[in-house]
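Can you make the complete structure from the sequences, with help from the hints?
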Amino acid sequence: VISALGRLPALRIARSRRLWLGFAGWSCLTLAFAVAARRDAWAHGADRVLTSVYGALALPFVACAIARAACAGKSMLSATASLVAFGAHPRRAALVTLLVGASVTALFGACLAALVAIVAHGSSDPPAAGDALVSAYVGGLGGAAYAAWFSLGTTVGRRGGGRLLLLAGDWLLGESHSSIALVTPRSHLRNLLGGSPPDGISERTSALVMLVLVVVCTLLTLRGSQRR
Amino acid sequence: VIALDKVSVSRKPLFVNEVSIRWGPGIHAVVGTHADGCSLLLAAIVGAARPRRGRVRVLDEAPTDPRVRPQIARVGIEPALPESLRVDEVLALAAALRDEPRRSPQARLGLLGLEALAGRPVRSLSRGETRGVALAEALSSTRVRALVVEEPFVEMDARAVGRVPEAMRTKCRDGSTVVVTTASTRDAFALADDCATLRAGLLVADTTSVPQLLLRGPPDIVVVTRNEGQAKGLIAALADEPEIVGVELDANTVKARGSDRIGLARATGRAVARSKVDVVELRGSVS
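Same order as they appear, the protein sequences are chains W and P.
Under my numbering, the residues of the first sequence are numbered 185 to 412, in order.
Under my numbering, the residues of the second sequence are numbered 152 to 438, in order.
There could be a bad hint or two in this list.
Quick look at which bits of chain W chain P covers, simulated, 3 or more residues with Cβ under 8 Å [unchecked claim]:
(1) 192–198
(2) 251–265
(3) 271–280
If you're looking for bench data, these hints aren't it; they were derived computationally from the structure.
Virtual Cβ for every residue (Gly too), placed ideally from N, Cα, C.
Written out as structure tokens, the structure reads:
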């Protein structure tokens, strides 16, 4: 049953041309910056590209697009209605939809981060292989956090327009270095990728807070996907 | 198989109030419109709307019970089929979720003459075709034992319409229960073994034949007043009467409905006296 539930969001993602264009566009832009960093021999090339183009733009926008595609541009409630009509439990259907989106986002985040770490590697960056591995882990974690964040957004509004609200909220609140930024994935991703930490917290704490964000957003999404 | 015990459910602006009814294997009709709460009643039966009061039981369990869910199907006016899939993929997905063996999509759709739709993407289907596919899925499922259908002949694919009654009867021969809601008394009796009438959220009749249904409708009184202003005054006075369950205004004519004849007549008389309208004509009827 779980694999049957996962088939629908997976096919929605696989068949969304708009999403594939987004994948291609953001990947090309990020890699173009990485190539420029290598060509101009930036000392901290990998760190700079990862914290700017990758962490601040590519990953959030792609995660938002994946959450949209997994729900076929609808709210979580509407997106899972067909599965529920065939006998699936609403919360299970929402959980599997979220997990499929999170897996794809984490995979995208990990692969692109590793690629950027290798291509944009600068003289002052840590050894390339190790940096690529760490970047992949951070990209995967960030991708999962963003997927849960935007899945929560799909429970708001008739067409899941809450995604855009959370995208804006992530931008506005996550840019700050104060404690209010702690609730956004953006600030923690920046900290883990070598940028400035929110409220002066350590990288390990940021990783833990991201995991908590994943769990909290998932629980709230399941709550929001219950029929009333 | 389906039992409703004093079920009250609301979803603004619709409501269903204290409906009690039991349906066993066979085809059963509920006559009423969307505004009368028919679709809300079906939503309560399949567990998509939570009753405020009362209890819904399908196959002796709550409709939200994980063992019962796959055995219930609902075909609404706008069925939710996954638009990213092809029709054959939808049938395979439904079979997997209902935990039944996968069968040829042509054979399943052929039940309603829709086999030509098997390879079509769901997003390319018209509403009638979508409803046809959803109904074919439910009728051809070996797991579904309780099926609720909204307006089975409205917005239905032309190829399927003629095959719907026989396909439903075949389904019921296996011990399944089919509940249809329709605004048409003729459609109800063309399909169903018995018929309940839902009006303004209340179950007002539960019969097995058309004449009985017509006789058991709520009584009404028509009051023709001198002008429209007086008619509106009478409506306001009727609103204070607890015996009145519904009113209609048409220019200077007011039609009042009540649950019983004597109470209706007394309430109308009091309202006429209180509002001091000039009654041109007063007649009672049974609709």
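Results for each hint:
Note: the segment 192–198 of chain W has 3 residues with beta-carbon separation from chain P under 8 Å; the three-residue rule is met and the coverage holds. Evaluation of the coverage hint for the segment 251–265 of chain W: fulfilled, as 3 residues show C-beta separations to chain P shorter than 8 Å, against a requirement of three. As drawn, the segment 271–280 of chain W meets chain P at 3 residues by the rule of a beta-carbon pair under 8 Å; at three or more, the given contact holds.
Violated hints for the displayed structure: none, as all numbered hints are satisfied.
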